[in-house]
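The primary structure of each chain is shown beneath.
2 protein chains.
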Amino acid sequence: MRITIIGSGNVGTHLAAAFKNAGHNILQVYSRDLQNASLLAYHVRAQAIDTLDQINSETDLFVIAVKDDAIETVASDLTKHQKLMVHTSGATDLQALLNYTANAGVFYPLQTFSKTKEVDFDTVPLCIEGADEHITSLLEQLAKTITQNVYLINSAERKTLHLAAVFACNFPNYLYYLAQQLLADQQLPFDLLRPLILETAQKVQQHLPAGVQTGPAIRKDEKTMSAHLQQLSEKPELQALYRLLSQGIIKMDNAG
Amino acid sequence: MRITIIGSGNVGTHLAAAFKNAGHNILQVYSRDLQNASLLAYHVRAQAIDTLDQINSETDLFVIAVKDDAIETVASDLTKHQKLMVHTSGATDLQALLNYTANAGVFYPLQTFSKTKEVDFDTVPLCIEGADEHITSLLEQLAKTITQNVYLINSAERKTLHLAAVFACNFPNYLYYLAQQLLADQQLPFDLLRPLILETAQKVQQHLPAGVQTGPAIRKDEKTMSAHLQQLSEKPELQALYRLLSQGIIKMDNAG
Chain X
2 MRITIIGSGN VGTHLAAAFK NAGHNILQVY SRDLQNASLL AYHVRAQAID
52 TLDQINSETD LFVIAVKDDA IETVASDLTK HQKLMVHTSG ATDLQALLNY
102 TANAGVFYPL QTFSKTKEVD FDTVPLCIEG ADEHITSLLE QLAKTITQNV
152 YLINSAERKT LHLAAVFACN FPNYLYYLAQ QLLADQQLPF DLLRPLILET
202 AQKVQQHLPA GVQTGPAIRK DEKTMSAHLQ QLSEKPELQA LYRLLSQGII
252 KMDNAG
Chain R
2 MRITIIGSGN VGTHLAAAFK NAGHNILQVY SRDLQNASLL AYHVRAQAID
52 TLDQINSETD LFVIAVKDDA IETVASDLTK HQKLMVHTSG ATDLQALLNY
102 TANAGVFYPL QTFSKTKEVD FDTVPLCIEG ADEHITSLLE QLAKTITQNV
152 YLINSAERKT LHLAAVFACN FPNYLYYLAQ QLLADQQLPF DLLRPLILET
202 AQKVQQHLPA GVQTGPAIRK DEKTMSAHLQ QLSEKPELQA LYRLLSQGII
252 KMDNAG
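Going line by line, the protein sequences match chains X and R.
Under the working numbering, the very last position in the first sequence is 257; numbers go up by exactly one each time.
Under the working numbering, the very last position in the second sequence is 257; numbers go up by exactly one each time.
The hints are simulated quantities; they were obtained by calculation from the structure and are not laboratory data.
Treat the numbers as computed from the prediction; the structure is a model and nothing was measured.
Do not take every clue at face value.
Which copy is meant is left open, because identical chains are indistinguishable; a pair holds if it fits in one copy or across any two.
[Said to hold, decoys possible] The calculated lysine-lysine pairs, modelled on DSSO-like cross-linking and capped at a C-alpha distance of 30 Å, are: (1) 236 / 116; (2) 224 / 160; (3) 68 / 252; (4) 221 / 236; (5) 118 / 221; (6) 236 / 160.
Work out the full structure, taking the sequences as your base and the hints as a guide.
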């Protein structure tokens, strides 16, 4: 397929690379910042542009990978080319595009991307939605060229997924940060915790989290929990968090 | 070394296997439950016993891997053999053993163990502490036979580590559970989140968590956070957790 990438952030960068690797033709990369556009365009052998006036209409698909609040502006601009367009946002309804064209869909990769770290796209879940069956089928075929994990997900489901991803990714990373800070307070290296963090994530690759929960709360070990709260006596925010999370874990056990 | 394992729980099981693999001689495995003792003893070619009366004095080291509140009872019973003993508890002071013998230390593997999943001990951080320099040095040598990551950690530091491990392991696993439940409410499979969870843990293997924080809170994306809180309107506990964690992430950014 001939594909045009709108946006050179983390999602645009990783999707463009995955499409290119799969043999698709990346025509153009757009970014407001020409330097960013050029960097990505160079990697995927595309033309870099920094205004939407320069869009080449001879494409098959616009992949809109811009900030959520810019999606509609871009869509309203691209609609005149009368080509299929998809956004890549977990938090945005398909309706955001349908306001401008019926030739629309969603192509949402459920992964956390950094520009500095390569991602093996082969296992990234791709959640797709089309405005009609024909579009859905086309997006499904396209998705299968870059990953084995393709899911048909409607806008309501995608909203839930996006929220769940905050609990599964953003919040755990913040807890890693808090743990790292606790160690740093005593000049202990974060390396001490890295294998534990990795093993915890690896455990739920085969098991469900409820089955592998460990720690004082699930054992209802009041003595250890009291000692931990005591250790946090000068950090009221961490105490509050410790209480709330431990209470949740205790209930999780009660619920079976 | 000739090693006697007291306790056949997760830690005892994994340590016994690691010692055996490293060529040490496991003399006996004790558990109150003879069947548990026998199962582990069979794997490491040791004798299974279910009373401390049966302890063979001709050992070099007692590894006390029992529940925290049973450590002192076991120590008081073993002290008559006048052999080195270590406990394996993150939450317990060395003093718990020193009350009974000066020939004591701590051998704390900082990892989450399940009986159903093999752990590559080679990368597990082992935190050791000896009652004197001779013991510390001996435990350090022993630790190095089973892992590359040996740390000298005193009792105060170990308490911090144990607390930090709750934030880095037990609490993230609970958040995985909440995410899984959010999906289950809409019959969405947990497989959708598994690659994200793994990648999030893999990112902090090279980076510090603060450098790879993503999500609406770090972007101060109030619109998405409000939408998420709205989605959680019928789950007040999750709302409270979402607020507290997001507020923390926002501050984390402010602090640089």
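Hints and how they fare:
1. Taking identical chains as interchangeable, the C-alpha atoms of residue 236 and residue 116 are never at most 30 Å apart, the minima being 34 Å within one chain and 35 Å between chains.
2. Taking CA atoms no more than 30 Å apart as the test, residue 224 paired with residue 160 passes between copies only; the shortest distance there is 13 Å, against 40 Å inside one copy.
3. Within a single copy, residue 68 and residue 252 get their C-alpha atoms only as close as 38 Å, which misses the 30 Å cut-off; across copies the closest is 22 Å, which meets it.
4. Taking the shortest Cα distances, residue 221 and residue 236 sit within 30 Å of each other both inside one copy (23 Å) and across copies (23 Å).
5. In this homomeric assembly, residue 118 and residue 221 come within 30 Å of each other (Cα to Cα) only across copies, at 23 Å, whereas the closest approach inside a single copy is 39 Å.
6. Taking CA atoms no more than 30 Å apart as the test, residue 236 paired with residue 160 passes between copies only; the shortest distance there is 16 Å, against 34 Å inside one copy.
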